[in-house]
Amino acid sequence: MSQFRSAMASARNHGAAGTGTGEFIRERFTALALIVLGLVLGAKLVCLSAGGIDLMAARAWLGDPVNGGLMLAFFLFGMNHAFIASKVLLEDYVHIPGLKLFLITGLAALTTGVTVVATISILRCLFLGLV
Amino acid sequence: MSQGKRPLSPHLEIYRPLTGSFTSILHRATNTALFGGLLVLAVWMACVAAGGEVYQLINEVLSSYFGRIALFGWTFSAIFSSAQWVRHFFWDLGYGFDVEVSKRSGLVAVGVSAIATLGIWATVIARGVS
Numbered sequence: 000m001s002q003f004r005s006a007m008a009s010a011r012n013h014g015a016a017g018t019g020t021g022e023f024i025r026e027r028f029t030a031l032a033l034i035v036l037g038l039v040l041g042a043k044l045v046c047l048s049a050g051g052i053d054l055m056a057a058r059a060w061l062g063d064p065v066n067g068g069l070m071l072a073f074f075l076f077g078m079n080h081a082f083i084a085s086k087v088l089l090e091d092y093v094h095i096p097g098l099k100l101f102l103i104t105g106l107a108a109l110t111t112g113v114t115v116v117a118t119i120s121i122l123r124c125l126f127l128g129l130v
Numbered sequence: 000m001s002q003g004k005r006p007l008s009p010h011l012e013i014y015r016p017l018t019g020s021f022t023s024i025l026h027r028a029t030n031t032a033l034f035g036g037l038l039v040l041a042v043w044m045a046c047v048a049a050g051g052e053v054y055q056l057i058n059e060v061l062s063s064y065f066g067r068i069a070l071f072g073w074t075f076s077a078i079f080s081s082a083q084w085v086r087h088f089f090w091d092l093g094y095g096f097d098v099e100v101s102k103r104s105g106l107v108a109v110g111v112s113a114i115a116t117l118g119i120w121a122t123v124i125a126r127g128v129s
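These protein sequence lines are chains S and X, in that order.
When we follow numbering that gives the first Met the number 0, the leftmost residue of the first sequence carries the number 0, and every step to the right adds one.
When we follow numbering that gives the first Met the number 0, the leftmost residue of the second sequence carries the number 0, and every step to the right adds one.
No lab work stands behind these hints: they were computed from the structure.
Chain S residues, not near chain X, derived (Cβ > 10 angstroms throughout): (1) V65; (2) L69; (3) A72; (4) T104; (5) A107; (6) L129.
Covered stretches of chain S (chain X as the covering partner; in silico rule of three or more C-beta atoms under 8 angstroms from a C-beta of chain X): (7) 54 to 62; (8) 80 to 87.
Note that the coordinates shown come from a computational prediction; the quantities given were computed from them, not determined experimentally.
Even for Gly, the Cβ is constructed at its ideal location relative to N, Cα and C.
Could you put the whole structure together from the sequences, leaning on the hints where they help?
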């Protein structure tokens, strides 16, 4: 089969497109990563808020390479997971093809945008600590 | 479009309230709530990076009555979502499909999440953490 055929073209009237397994596996591995990172970050954040979260404390915390790095990993996995999970919801419950495509595109834009905002915020705090 | 011939996911109102459907729907709901939580966390980090009045504002929003309720909801959502994924990992490995076992693991997931959430917040409030 030509590699230029889209997944939709090979699926139409033929059953499964055969490309869903990767997403299924990715959903599970991101979930596992989020559970581990969530436990570590949850504990760290509770410790942070115990000292009162003034701006300097928050910046120092987020600007620490380990904290910032964990947070960055958390967002990369989180947005990846959120995209797949929310796409499943849209695929299951939105039955107007054009609207479905529009919403999934919007979801991709939103998750990408949040990843960019999170990354830049973390890097800014990291470099604020260096100057 | 051959959309009409494609199989559809059963709609929410079709299910009789059972442990399996309840935990599945709750997982989808909590996952969506957590997506919102990540958005707010990203906004918080952007405010930390920006500093000044913006940081004061996000702090006030998060420590308000409404903010606290949201944080409480996200705590439950994170724990329940994790617990539900643990059930999924067992199913993926081929265990826990027995109706009784599955029913029990679902109830355990909901119960443990509720107790853990209340425990965490009781500790936070008792220690007077803002």
